[in-house]
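Visitor: As a plain string of letters, each chain reads:
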Amino acid sequence: MLAYLIRRFGQAFLVMAVMAAIVFFGLYAVGNPVDLLINPEADLAEQEETIRRLGLDKPVHVQFGYFLGGLTQGDLGTSFVHNRPALELILSRLPATLELAFLGILLAVILGIPLGMIAGLKPDAPYSKVIMTGSVIGFSTPNFWQGLMLIMLFAVFLGWLPAGGRGETVDLFGIPVSFLTWDGLGHLILPAINVAIFKMSLVIRLTRAGASEVALQDYVKYARARGLSPARVLGVHILKNIMIPVVTVLGLETGNVIAFAVVTETVFAWPGIGKLLIDSIGLLDRPVVVAYLMLTVFLFVMINLVVDIAYSILDPRVRVKRGKS
Amino acid sequence: MSDPVLSVRNLVTQFETRAGIVTAVDDVSFDVGPGEVLGLVGESGSGKTITGFSILGLIDKPGRIAGGQIVLNGQDLRQLSPPDLHKLRGDRVAMIFQDPMMTLNPVLRIDTQMIETIRAHRDVSKARAREMAIEALGLVGIPSPAERVRTYPHEMSGGMRQRVVIAIALMLEPDLIIADEPTTALDVTIQSQILSEMQKLLAERQTALIWVTHDLTVVAGLAHRVAVMYAGKIVEQGPVDALLDHPAHPYTQGLIASIPSSVPRGQRLVPIKGMTPSLINLPKGCAFAPRCPKTSDQCLSARPEQENLGSARTLRCFHPSEVSS
Amino acid sequence: MLATDTPFRRFVTDFLRSPGALVGGIGLLTIALLAIFAGLVAPQNPYDLAQIDVLDGSLEPGTEGYAGFKYWLGTDEQGRDMLSAMIYGLRVSLSVSFIAVSAAVAVGMVLGLLAAWRGGWVETLIMRIVDIQLSFPALLVALLLLAALGKGIDKVIIALVLVQWAYFARTVRAAALVEIKKDYVMAARSAALPQSRILFGHVLPNVMPPVMVIATVQIANAIAIEASLSFLGVGVPITQPSLGLLIANGFDYLLSGRYWISFYPGVALLATLVCINIVGDQVRDILNPRLQR
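The listed protein sequences correspond, in order, to chains A, B and C. Counting from 15, one number per residue, gives the positions in the first sequence under our numbering. Counting from 69, one number per residue, gives the positions in the second sequence under our numbering. Counting from 461, one number per residue, gives the positions in the third sequence under our numbering.
Source of the hints: derived by calculation from the structure; they are not laboratory data. Computed from a predicted model, the values in this text were never measured in an experiment. Ideal Cβ placement from N, Cα and C applies to all residues, glycine included. Incorrect hints may appear among the rest.
Going by beta-carbon spacing under 7 Å, a handful of chain B positions derived as facing chain A [claimed, not checked]:
#1 158
#2 171
#3 173
#4 188
#5 192
Can you build the whole structure from these sequences, using the hints too?
Guide: Laid out in structure tokens, this is it:
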């Protein structure tokens, strides 16, 4: 297990390094980094000062060294617009995105797994057909339009919930969160549903496929033959086998959720990193875009790592195979 | 003779398929007494496994038990409510499945699966259930059971796994065990080991056993009585020696003639010509008629009824061989 | 009878057997025809300033305009007929994704075949890039590409190709590897037949079915990604709005209750995607060898 972990961390580090190189040389390929990294509104003296400070007058490979050096110290440049270190800016917006993403995934799992199991175990029942049709529509509809429709229905026509913003927050361990105040929760519900619908369709599909397959296995019939209650057969014997693919895919999808939060946050004016990214792109605030990119890559690599480890905990067969290799 | 543990009368089990109703078990009747071993013999598709599942009430849609009685210790199982049936399965009637690789849930440890079975039927503490599980594993000849109980199924060999399944079946001292080809998937040496151990344990406890198999040689060494099934019906039934020495039904004769050790060295084996019939389009007359050497017009137009031959033998055939009694 | 039983004919008859697929297919055909003949079908040319009247701005669906023109689905704030705008928007959405997916198929096929045929470091390099690319969400990659490239229909197409080629490369390589290992290709290779003939004559036809399946799904994905990008303001320019941009434009008016400006384009988008997905599912079922009877 330890050897496996070390190897896995090594791979993760390698991907980070490669991505850093791609981002850096990508900036070169796309255009002059002077244009990209320096505030165009600065005056000439200031520009030259920055060029020297950032080392943009040095050869490419030396600059790459600076870039990597900055990276290891968490220095990803300074936002032109906010005049704050880009990384600090993004990290201050991250809790809002994570709160949204996790609530969305939670909703998707809590609702998606039971619905998927119903559809998988009783495939011919009318309600199963309703569930599956709903999941196809949820899968097909673009995320942002779902968001608009939620706003139209619950905020404009019914007037039950606010259309955007984060609402009142309280600090939890020094991090502002919305879900602990009624106002904040009200603001959180619609965006979270927006995130959840798409993932829920995925969870339903996965669970249904798993349930209809697992239900036919001998060990399920054997569990029944041993006189176990239907609840135990369903909740332990079937569910635990379905959870393996669901957890794997959901884990990998966590990255997607954070990425798609760009859309949801834009629709609901939710002040997370996605909204920040779109605003920064609009304002040509490149250091923030670069910092966002590096942070996302980092999150993705970390998520992949965690999923792999979770997978080997859930499925004892994988554990053995890896332990041996 | 004492009252039978299990008495099956005119059991009919049907499956609704797109091509029509398939009668997989057709008018099957037999008794099993305490400590008695009944060999239920037939080719695949003859309905022997479905008979076993019917007794436990494990027939799933589109199948259903269409008629007959299943009386266990004087109680008709078909009249029981589902919760009462749960209580009975694994406790009074245990089942051993064919493939030990497929029967144990791959993601649950052996102890989890044993303890859950005990606690589904006995009001004991987890610690006590664990002791019982370890004890049962020791009984079936698993070395260092206290350690093996903590492993996952895939960490054991096929023979070990089948011992675990047998231990689970014996653990709660049931009145009846239904074993569906439990040794077919194992090596010959392990097969005979397990057979003799089981025989010993069952005799000690006076447990009744239904041994479902396609292998007459296994039955010859193990069973007290034999019932031969063909296309859903029991075509011949009787005490093992009488039936094997003087088979009356042409199908039984064919089965015996196709066993390698039944004919003198050098003489040709005689396979039964033709194929197992599809249950969807059974002939109007005797189902065996197309393959039978003695077929007459009567066989093609009518189905033979079950007759009593005396000395506990029954038969369904218009042209039986003489049975010396 | 036998002579008429070509694979294509069998494909068509299999397809027609499922009522759901039939509805999806007819829907998709209608949508495609609407898009192609947008100029003839649309009641108004929404980008001809002579035809629109600001006085008719923000009319509700079904109202009659100043000049007696009936707006079935209402108008936007500049007095454009929404129905016409949608038909034109459909054309932009469909053509952008169709061109992008075709190009992605071409790129992915060449690289996938190359990887399978050459093996060695070429294969390792191509497949590594594919793996890394596919582990990041397409929308995000496209978004960042466009942030660097700038706006424009051509830029959107480039971004879509760059995020989609990897799916095809992976599929083509897998299918081609199976085919290349078959005896006849081995024989052809050892007989030193021209490589191009083996690849295009033998291997390529066999990788087409899975490519078709992925392509239908990817067209729907491309439409959805393009719509999302346009909604986020980095997609097509305002002068050639796609369905996504129409929805985005209507977003501002949604809060004041003028729902139709973004509602109906959204319905059109949804209908298009559902039709493509239904057809795609059916194509997959027919072409999937595992399900073949």
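Visitor: Any of the earlier hints contradicted here, and which numbers?
Guide: 5
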